[in-house]
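2 protein chains.
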Amino acid sequence: MADNSVGTVETQHFTFAQPPNELRLELGDKLGPITLAYETYGQLNQDKTNAVLVLHALSGDAHAAGWHKNSKNPGWWDSLIGPGKGIDTNQYFVICSNVIGGCRGSTGPSSINPKTGKPYALDFPLITIADMVEAQRQLVDYLGIDKLLAVIGGSMGGMQVLQWMATYPEKICAAIPIATTLKHTPQQIAFNEVGRQAVMADPDWQNGNYYGKKVPAKGLAVARMIGHITYMSDTSMAEKFGRKTYPNKETAKFSPDFEVEDYLRHRGDNFVKRFDANSYLYLTKAIDYFNLLNGHNLNEVFKNLKAKVLVLAFKSDWLYPTYQSQEIVKACKLAGVNTSYCEINSTYGHDAFLLEIEQESKLIQHFLKTTAKENGKGDKNK
Amino acid sequence: MADNSVGTVETQHFTFAQPPNELRLELGDKLGPITLAYETYGQLNQDKTNAVLVLHALSGDAHAAGWHKNSKNPGWWDSLIGPGKGIDTNQYFVICSNVIGGCRGSTGPSSINPKTGKPYALDFPLITIADMVEAQRQLVDYLGIDKLLAVIGGSMGGMQVLQWMATYPEKICAAIPIATTLKHTPQQIAFNEVGRQAVMADPDWQNGNYYGKKVPAKGLAVARMIGHITYMSDTSMAEKFGRKTYPNKETAKFSPDFEVEDYLRHRGDNFVKRFDANSYLYLTKAIDYFNLLNGHNLNEVFKNLKAKVLVLAFKSDWLYPTYQSQEIVKACKLAGVNTSYCEINSTYGHDAFLLEIEQESKLIQHFLKTTAKENGKGDKNK
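As they're listed, the protein sequences go chains A and B. Read in order, the letters of the first sequence are residues 5 to 386 in my numbering. Read in order, the letters of the second sequence are residues 5 to 386 in my numbering.
No lab work stands behind these hints, which were simulated from the structure alone. Fair warning: this is a prediction, and the values are worked out from it, not measured in the lab. Watch out, some of these pointers could steer you wrong.
Identical copies carry no separate label here, and so any pair may be met within one copy or between two of them.
Using 30 angstroms as the maximum straight-line C-alpha spacing, the simulated DSS-like pairs for lysine-lysine come out as follows [said to hold, decoys possible]:
#	residue 1	residue 2
1	K319	K187
2	K76	K373
3	K122	K76
4	K119	K76
5	K248	K52
6	K187	K257
7	K248	K334
8	K307	K76
9	K319	K52
10	K319	K334
11	K248	K187
12	K52	K217
13	K334	K244
14	K337	K257
15	K175	K248
16	K218	K257
17	K307	K366
18	K52	K175
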């Protein structure tokens, strides 16, 4: 393992909202008990002021850095999180929290409903980004942290960051929303909806009651393929694949001709192995519902925020175009928030937030350092 | 019916390549007999020099203008074709030819295979844009036309125009490729491939053998939904739908919340009623195979072309971005072809070629007029 790895890690679990103290969800339903999967890296300092909360995207999980025993791959943001890295675990106590509604250790539609002893399936209530953040807030409280040094995340993780900025402005010193938006647009909703339709069109979906039976693998694979197209750019696809043909062409009609076709099929099939189809429905719906501007003017959204903000966007990201990040900057500036904006010149499309690590590292490292200095914190040895 | 309508029209049929004189297809297979559905509007002049061939996009057909008896809607480009319109049927003899591989009256996978007496299904050979054009060339010959005044088409129709320019440069006086490309990129292939996967994931597809049984409706609807997202733009979706919620929200989870979701579901369901799923596979594959640069330098593609060319593109078209039309212009200019280029400032995305009729009409009308004048033709009364 490299010197700058956080090493072997384990996912932990925190359970709260035990009945009758169930969590009241944003849309009115109640849910409990709730388990959150999370991981931590680095040490919390004595005055508990060096905590950085990392929030993941649609298909992510709590395993952001380091290695699970016997696993072939490190965490999904391992290149950014570790000793001396962009989010320096020698300096900061990093928490990565999985979201509710997911299927990677936190309570979601595949969890057992205590009232029936069976998986919730579609009895699981509809959840929102605000509910995810409310659950994270409970985790942060449980860890004894009164105020986070920073919240950081891209895509759906960025929406959670924005929700933290709006709901708990007094609980964060800084925020870094990356490649995200204040509200989902009809085009973004449309891509998610087609993915959901693909899942629900699969007869194995069985109105969500497929647990213990055949999963809706084909539908979920198609949904994921659509996603992958939107995560890349025209340019990055041209550079990666061009019109290169698939070397092991089968004779069957409509088997893959081009490398890009084979790539998408593999990505779709791999996703099915690690993700629950119902979670895909719930999480994409939560994303589509996301609209911080609902009933608010742009200048009201962050009116109570004293934290400083770094907004990152990527020029070739057409799923979350840069104008949406510029709107976040505008909302912050209108609220008098200390805001920096950086548009990174990448060709990777939306995936850039997972790939443009060198530039992200420098920007985030510097931003966290100055935040820690301004708040007289951040060095656990002080 | 309005004064500027071509009035009531009927689709006609032309059959050729009767065995043993089957058509040798580009990929090596043979096909015959072949029927083409087509319509004509206006009168062919005495020296047969005023014919304009109109070519349709993926889901189009031979019915480009006028009204079928008892139909509620006119042809798909009726606003552009008619007396005094952009393609003026007082001046020109307009032919619109359906493509082979389709399902709107021409020979395709749903046609009866004379060798078995049953629908071809996947025994239908893979076809290409060049095969479509070869069939159209036979139709044009059959109509007694030695040289077309112009070939015009958008999207897949534009590819056929480009193929005419490359394969039969001596048979056209002018060409108008609209919102199209010299070759399909991996991103464009990817969108088509996901649509095909959606169709083939539907268990009702039955490896193509669904004729006379339940059609793969859900899969084809999902494929069409993906298409519709790519035909619109972020802006046009925002203007048309915003985040307006669907008024008749059902109580079931994951029923449409937003108008855009309802729109896509309707578009998907309507498509299933009029289009054959196997044709969708064959035509999208023909599009993906399209690559006029295969084995050619850009300056060789149109080296024998003497026709003049008008290339049209739309600023918000992200499915066939303007840089692809600019590449067509470059290929023409390198070959010394008289080429004009116009980038129309539309927010409609790829759909603009069917919607920006006012601007298209003026550009096309003027271009055809000067072409006819230069060739001493076009007025059937002369």
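Tested hints:
In the homo-oligomer, the alpha carbons of K319 and K187 lie at most 30 angstroms apart both inside one protomer (19 angstroms) and across protomers (25 angstroms), since each shortest distance falls under that limit. Proximity of K76 to K373 under the C-alpha cut-off of 30 angstroms is found in neither arrangement, the shortest distances being 32 angstroms within a copy and 67 angstroms between copies. In this homomeric assembly, K122 and K76 never come within 30 angstroms of each other (Cα to Cα): the closest approach is 32 angstroms inside a single copy and 52 angstroms across copies. In this assembly of identical chains, the alpha carbons of K119 and K76 never lie at most 30 angstroms apart, being 38 angstroms within a copy and 54 angstroms across copies at closest.
Proximity of K248 and K52 under a CA criterion of 30 angstroms is satisfied in neither setting, with 53 angstroms inside one chain copy and 44 angstroms between copies. Within a single copy, K187 and K257 get their C-alpha atoms only as close as 42 angstroms, which misses the 30 angstroms cut-off; across copies the closest is 21 angstroms, which meets it. In this assembly of identical chains, the alpha carbons of K248 and K334 lie at most 30 angstroms apart only when taken from different copies (24 angstroms versus 43 angstroms within one copy). Taking the shortest Cα distances, K307 and K76 never come within 30 angstroms of each other, neither inside one copy (45 angstroms) nor across copies (54 angstroms).
When the C-alpha separation of K319 and K52 is checked against a cutoff of 30 angstroms, the pair qualifies neither within a copy, at 37 angstroms, nor between copies, at 52 angstroms. In this assembly of identical chains, K319 and K334 lie within 30 angstroms of each other by CA distance both inside one copy and across copies; the values are 18 angstroms within and 26 angstroms between. In this assembly of identical chains, the alpha carbons of K248 and K187 lie at most 30 angstroms apart only when taken from different copies (13 angstroms versus 38 angstroms within one copy). Within a single copy, K52 and K217 get their C-alpha atoms no closer than 46 angstroms, and across copies no closer than 67 angstroms, so neither meets the 30 angstroms cut-off.
In this assembly of identical chains, the alpha carbons of K334 and K244 lie at most 30 angstroms apart only when taken from different copies (25 angstroms versus 35 angstroms within one copy). Within a single copy, K337 and K257 get their C-alpha atoms no closer than 56 angstroms, and across copies no closer than 38 angstroms, so neither meets the 30 angstroms cut-off. Taking identical chains as interchangeable, the C-alpha atoms of K175 and K248 are never at most 30 angstroms apart, the minima being 51 angstroms within one chain and 33 angstroms between chains. In this assembly of identical chains, the alpha carbons of K218 and K257 lie at most 30 angstroms apart whether taken from the same copy (27 angstroms) or from different copies (21 angstroms).
In this assembly of identical chains, the alpha carbons of K307 and K366 lie at most 30 angstroms apart only when taken from the same copy (29 angstroms versus 51 angstroms across copies). For the identical chains of this complex, K52 and K175 are intra-copy neighbours only, at 12 angstroms inside a copy versus 80 angstroms across copies, given an alpha-carbon limit of 30 angstroms.
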